[in-house]
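My request is simple: use the sequences and hints to build the entire structure.
Protein chains: 2
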Amino acid sequence: ELPTPTLFTEMDTLQQDGDELEWKETARWVKFEEKVEEGGERWSKPHVSTLSLHSLFELRTCLQTGAVLLDLEGYSLPQIVDEIIEKQLQEGGITADQRENISFVLLRKHRHQTKRTKHRSPADVGKTGGAASEERTHTHAHTRTHTRARTHTQSMNDIGDTPSSDQLKNKFMKKIPRDAEASNVLVGEVDFLDKPFVAFVRLAQATTLGGLTEVPVPTRWGPQPASYHPVSCHLFSDVAYKARDRDDLIAGIDEFLDEVIVLPPGEWDPKIRIEPPKKVTPADKRKSVLSLNELGQMNGKAGAGGGLSEDEEIFCGGLYLDIKRKLPWVFSDFYEGFHLQSISAVLFIYLGCITNAITFGGLLGDATDNYQGVMESFLGTALAGTVFCLFSGQPLIILSSTGPILIFEKLLYEFSKSNGIDYMELRLWIGIHSCLQCFVLVATDASYIIRYMTRFTEEGFSSLISFIFISDAIKKMAGSFKYYPINTAFRPDYVTAYKCECLAPDPSESPSGVALCAAMTSSWLTRSSPVNVTDLDWSQLSKKECLTYGGSLQGTSCKFVPDLALMSFILFFGTYSMTVSLKKFKFSRYFPTKLRKLISDFSIFMSIMTFVGLDMLMGLKTPKLIVPTELRPTRPDRGWLVMPFAKNPWWVYVASFVPALLVTILIFMDQQISAVIVNRKENKLKKGCGYHLDLFWVGVLMAVCSFLGLPWYVAATVISIAHIDSLKMESESSAPGEQPQFLGVREQRLTGILVFVLTGVSIFLAPILQYIPMPVLYGVFLYMGVASLSGIQFWDRMKLYMMPSKHQPDFAYLRHVPLRRVHLFTLVQVICLAVLWTLKSTFLAIIFPIMILGLMVVRKLLDMVFSQHDLAWIDDVLPVKEKKKKSKDEDKKKKGKEKRKDKKKTDDLDDEVRNAGVCCPPLVIRSMTWIIPV
Amino acid sequence: ELPTPTLFTEMDTLQQDGDELEWKETARWVKFEEKVEEGGERWSKPHVSTLSLHSLFELRTCLQTGAVLLDLEGYSLPQIVDEIIEKQLQEGGITADQRENISFVLLRKHRHQTKRTKHRSPADVGKTGGAASEERTHTHAHTRTHTRARTHTQSMNDIGDTPSSDQLKNKFMKKIPRDAEASNVLVGEVDFLDKPFVAFVRLAQATTLGGLTEVPVPTRWGPQPASYHPVSCHLFSDVAYKARDRDDLIAGIDEFLDEVIVLPPGEWDPKIRIEPPKKVTPADKRKSVLSLNELGQMNGKAGAGGGLSEDEEIFCGGLYLDIKRKLPWVFSDFYEGFHLQSISAVLFIYLGCITNAITFGGLLGDATDNYQGVMESFLGTALAGTVFCLFSGQPLIILSSTGPILIFEKLLYEFSKSNGIDYMELRLWIGIHSCLQCFVLVATDASYIIRYMTRFTEEGFSSLISFIFISDAIKKMAGSFKYYPINTAFRPDYVTAYKCECLAPDPSESPSGVALCAAMTSSWLTRSSPVNVTDLDWSQLSKKECLTYGGSLQGTSCKFVPDLALMSFILFFGTYSMTVSLKKFKFSRYFPTKLRKLISDFSIFMSIMTFVGLDMLMGLKTPKLIVPTELRPTRPDRGWLVMPFAKNPWWVYVASFVPALLVTILIFMDQQISAVIVNRKENKLKKGCGYHLDLFWVGVLMAVCSFLGLPWYVAATVISIAHIDSLKMESESSAPGEQPQFLGVREQRLTGILVFVLTGVSIFLAPILQYIPMPVLYGVFLYMGVASLSGIQFWDRMKLYMMPSKHQPDFAYLRHVPLRRVHLFTLVQVICLAVLWTLKSTFLAIIFPIMILGLMVVRKLLDMVFSQHDLAWIDDVLPVKEKKKKSKDEDKKKKGKEKRKDKKKTDDLDDEVRNAGVCCPPLVIRSMTWIIPV
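Those protein sequence lines, which keep their order, are chains S and D.
With the first letter of the first sequence counted as 1, position 740 gets the number 740 in our numbering; the numbers rise by one all the way through.
With the first letter of the second sequence counted as 1, position 70 gets the number 1070 in our numbering; the numbers rise by one all the way through.
By construction, these hints were calculated from the structure, which means they are not laboratory data.
Accuracy of the hints is not assured; some may be wrong.
To be verified - Partner residues aside, some chain S positions facing chain D, computed with beta carbon under 10 angstroms:
#  : residue
1  : Lys45
2  : His54
3  : Ile261
4  : Tyr549
5  : Leu553
6  : Val561
7  : Ile570
8  : Gly619
9  : Lys647
10 : Ala787
11 : Gln808
Predicted model only: the values in this text are computed from it and were never measured.
Backbone N, C-alpha and C define an ideal beta-carbon position, used for all residues, glycine too.
As structure tokens, this is what we get:
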């Protein structure tokens, strides 16, 4: 049975225009109602149709008495009108002398509402529709023509078969689904009739007449031009398409009446137009709960490879499945990247990545005496990122250096330096061991552990990372005030008192030529020849030169730098707040939707450009983004390849297994939890996930980077979230008033690859990049942190603390879980986070990812405090152990009846509770059997 | 006939709690529905009740078959239950053996929903109500007690007469109108009944039982616990109160059904809760148009003195009426000022006033060689403002110096200087003439001209003033960058190269001792004795000293001031945007309504304090607010009193009549148009206006200020609007879900008086005020300008240009006037404004208020371009001339029928079109007879 096509409904009313009668379009429905404003000559906002019960009853009466012609073979309007009148004559509804009049009125021309000024419709709207649903082959072309058409006044006879160019140009067409069919409603008041003349016509097949012919066309004359339009209703249109006789129609109206929702008149003013709801549950879904199949689909299980359950574990089974799941998408992973949005995403993520690369490069350089510096950071990011995006299971993940790795490197370097072990070689061996350990984890499908990461763990982790981002951004900004101290005691009038002079060193105290020479050697001043100190004109030297040559600075302005700190602040805060405002601009009323979307997509780019421009305009020497320009290791005494043997004793090669274990856990947790966040159900990813494949490549890259002496990389939560956010798709053509739906993410490898290729190429982009002030990038950082917080339910729940309950948003879990339980749950999270934050600030940061395991333990303990019902709403239910499950299977049959009731509840619940992190196939099972296990 | 009291309705359903049956509160209605959330144990957001048609029909059936007891004399619950059962037994609805069971169930205890955790209700809710509406004297006390009560589990017998302390404490009480009565709905499902048991009880008078007794209490048992609640509906409650028998009730439901609004199920998901509408037109108003009387009231005509029409003009009639209208408010004008909001208003306006006083004082000082300086400006503002606020017709108006006056003074001073005429004496005579001319205008009721100022003129003027405010604020801010130039070439490394030295003048070029002495005399350095130039240590001198003594400044840093410009910008922008955000905070979800309102009310004060604090923290030498500290004229050679004779030839006294005429027109227009804006209908002022009285006092103050040599004052549009905005009142206790209504403005004289007294006292507040940086005040200025724009329809229409029509707000005029006509109208306004803005920037600014007359002419011409219908919607209709009106009166009788139709339309229209500036009595007539005059 074919589905009922979407109906486009148009209501025309009979009006006197000068001496002529004509049918004027007054309302239309695709999904919601749009009226022609009385005096405004324009379409109203789409709104939910409201109608009075009275008119519904009247319609019912009309259908009972009027002519009903179903599956009429209609080919032209006059013919159809003839048939209607014939029918009515037979039934005695009208007298023979009214025949002429009715026919005349029915064939009057139609005038349609366009955005342009009034014109007359020549060929009245080619509207069509077929009910019995055979032969709908050429319907598409027809329906594409139906709403517009109205240029010059022509005679009624002009009923063409081809759509006019005017019809084809009508922009409204885009809003109508392609397989739509049309229905016309004509309502008019005439004086030659003494009782209503009603006809309901359904054509046998969709026909385009150029004139007006329509499917279920309840053409009705009557003294009451009451508004009525059940045909627009999805429910009724189904009936109208399938009705076999008049009684079916009446029954349809009765069914409609039964489902109707009633607003009491006292509380509601009929003048108010109800905004279309954000999301309407289709009638069929409202009735039944979702099928399990659909649930599986929603849980991110893409078609292929879904069958394997945990019980049938094989060696490398997870990896095999991941590859099997990914293979079908090989090509689409690339061509789906060609979209304007990708450009904005690439620019945004690129800027995030190089900022990160520079920051971590600088820090690593400090920590390792430049064994790994900015240069290595750039190359490593480019290499690891490109490889990962090319081959990984989830190419939306962005690799980056992360805090724990940095701390590990720092400790490792200090250890090797104090113990006389070669750092680079030790690091290489740790990398190799770690890589192998990753392979073991992959082979044993260890990634299935992520099933135990519920929303609680996941949100705890991502909130923490977001907080770190935000606090880092602010700290860096605050740093400006330290690097560029402001002379707050400055008085404009005493400008004469501020100076900074370079004084020659007192010869008696001079550290002699040796020290001076050393100073000059290590100097970054590229002077060709050593300088004779005594020849120097000390007052002409710059601050650095002065200090290099041993001079001392004296004066009140020496330690102050004017303007730069404040300017940095303006750039920082400006970039952040402009980005936020532009992002919000999507929801404003101004400009067409497309333009707003463009502005919103490019908000970060536009903010950066604006503030880079402002900075250039001011011309102040704010700190700029400096990328290395020459392709050579930061430290001159190391090459591009690290040799595995020779420098360290043999036992080091074996012993490095132990620190490698720490690194592996660190990487495993960091990587997988970020992947869980990326693969969240809310993101509606269609291409499935690949935890095992991801881990495999991270392992490979560990080894490769170790050989090349580049930093290690792992999934970066915040940037990955930003990546996904910048690639979100929304439905474009929707019925007027319908909210654009979030369709999913543009899943492809192209943006990621481009970002990292660009990062690699950045070395040659230095002339352009040097215009970007660092504070602007910190602003981008701040935005990233704040934006990634905003999607987190934990954060929503935090806000609840400050809201009186009557103002709280209508979250699903608030309807089902007592507020104080929600608050308690949030409080536990807050405490966990506080503990983590404190630990993170100490040297314990290195075991930070392991602490996530602690979070999972806390979550397990919560099972004792909260009921499974509550947890199902505010978190997810933990899977029960394998064996328990099996024994339960046996119980199940006994509890048959009871269970079924429960399960229905559960499914319904699962539909609403967004249980994140349930991507991999075995997890799907959970939602079928494991919920409410106690 | 007494009005029907508001009903508080509570629905309890029968539930099993452990072994016991109990009635649990599940929903309540005051105006909108609040449900108890299923699992959430809390009240849902108030929403519009939706119910299925089906349940409505079922209710109807129930009422037909159930027991109906109207005007029952009930004094206790058991008695009432007995009576119900007796009745049902008689009618055969139940069998005798069910009697016990029913009575048992009905008397189960009630559990109510509180914010606290579950407690048992002892005395089940004392709910009461009286129908026949005699003896409702002690009802207030009763109803105040009804919703709460639920502490410890007690026996059912506990039916006290006094409200428990718990009941009294319930905060919800505040939400219920004082004369409310209660109704209880009990719904339950029991197994001992085979058909529904329904009873509808209305007590003869409102009774408080402590237990449960209620007015129209359809107590119903039945197997279908469908949700139903027509009693909550205003419409039906009327019926329920007045019904004489069962048939009346049924008829009531039928009537309700007839008015019901139906939502088609396909477009609306019943799970969505509909937000309460912003404003519901009460049913009675919806049916009929407003009466003319009401219209008159709404147009600002306060009870007293409304009878006098234009035809009966008498000498000083307007002034007489104004005084008559103001007299009854003498006391309330003071005591109504005692409110927390007044403090915020006073602080806000005070800061605006002193900023204005300082700005204009400075400019006047420049323009008149300090004949009028900052000191005069402060004293004048204080004097004029206090007097005006004490005695004027509209004390909400704030007087201030304005631009046109400033320009006039400047031209006058230049004229008198170049012609050897004494400026102060000439100015005094102009003031005297102008004062007399004002009296003439008052006596001849010239203020009636404001009838011709429609929205077009008024909005043109106030937009222009707002633009001037905004542009002034930005200009002043930009000035900071000029006064404190930033050294953009500064390189931190070359700090050694920046200095500024004071060099001794070259003796050969020295301007000799004479010039030096002159420089020292006019110097503001308060050195006790002249200095010997040759003794000076030039390098120790400050910038000013150096220049004073003829030295020259040399160095790269001399002309630059670090940090101050950027800091000023941060202060300026921060104050503005913080104020805007805090104002918006009122609409956020956080914190209780009262706190949010407080924050919003004090937003300006809090922003100022924050940024003053920031400024103090930074310690930078930003420009501060400096008020004069000593009470003496700015120019030492003038006294506090200007003598009228002696200095100028006699003809000057007469000739000054001509410039006085210009000043009078200038003052008249400026004053009256600001007054029109203040008296706008939208502001819902209740105490009426006083255009004539206002002008009288402005005239008096002109003369007084001229004698004292103080600047002239006239109404300041933007500050007056800010004054009104800060005094707006909203209804506090409203039914849950109901939007707080704008009630009007706190009309009183106290805030104004305080503002100006404070202004006068500011001279002694200098130690506190000196901490306020000027950029913060410019931020406040910017906010004032932007805020006063936001209330203007013209501005709304400007925004329409940028909105695609589907996103445009649902303005009433957009429903009735074609969009391109609206756009055309807006365009005309934009062009007019552009012309005015250009003229304003030239010397023509002096005739600026006269240009408003030009606007009125343009508006008159628009009558030819736009239809009266369109103008009525987007502007107001101009009054026609007296004589025309009379001749039309004769025509009217002929066109009788036609006219009446028109008029009804017109009234309806007048109700919605906000026609501002129609305050004075004669104007009311317009809306009755003059609309659509052509």
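Verification of the hints:
1. Interface restraint check for Lys45 (chain S): the shortest CB-CB distance to chain D comes to about 6 angstroms, inside 10 angstroms, so the restraint holds.
2. Here the hint on His54 (chain S) is kept, as its CB sits about 6 angstroms from the closest CB of chain D, short of 10 angstroms.
3. Because the smallest distance between the Cβ of Ile261 (chain S) and any Cβ of chain D comes to about 4 angstroms, under 10 angstroms, the interface hint for this residue holds.
4. This hint is violated: Tyr549 (chain S) has a C-beta 12 angstroms from the nearest C-beta of chain D, more than the 10 angstroms allowed.
5. Restraint check, Leu553 (chain S) versus chain D: the minimum CB separation of about 7 angstroms is within 10 angstroms; hint holds.
6. Hint status for Val561 (chain S) relative to chain D: holds, with the closest Cβ pair at about 5 angstroms, below 10 angstroms.
7. For Ile570 (chain S), the shortest C-beta to C-beta distance to chain D is roughly 7 angstroms, which falls under 10 angstroms, so the interface hint holds.
8. A distance limit of 10 angstroms between C-beta atoms decides the matter here; for Gly619 (chain S) the minimum to chain D is near 4 angstroms, and the interface restraint holds.
9. Because the smallest distance between the Cβ of Lys647 (chain S) and any Cβ of chain D comes to about 40 angstroms, over 10 angstroms, the interface hint for this residue is violated.
10. Checking Ala787 (chain S) against chain D by beta carbon gives a least distance of about 19 angstroms; that is not within 10 angstroms, so the hint is violated.
11. Hint status for Gln808 (chain S) relative to chain D: holds, with the closest Cβ pair at about 7 angstroms, below 10 angstroms.
Hint violations for this structure: numbers 4, 9 and 10, all remaining hints satisfied.
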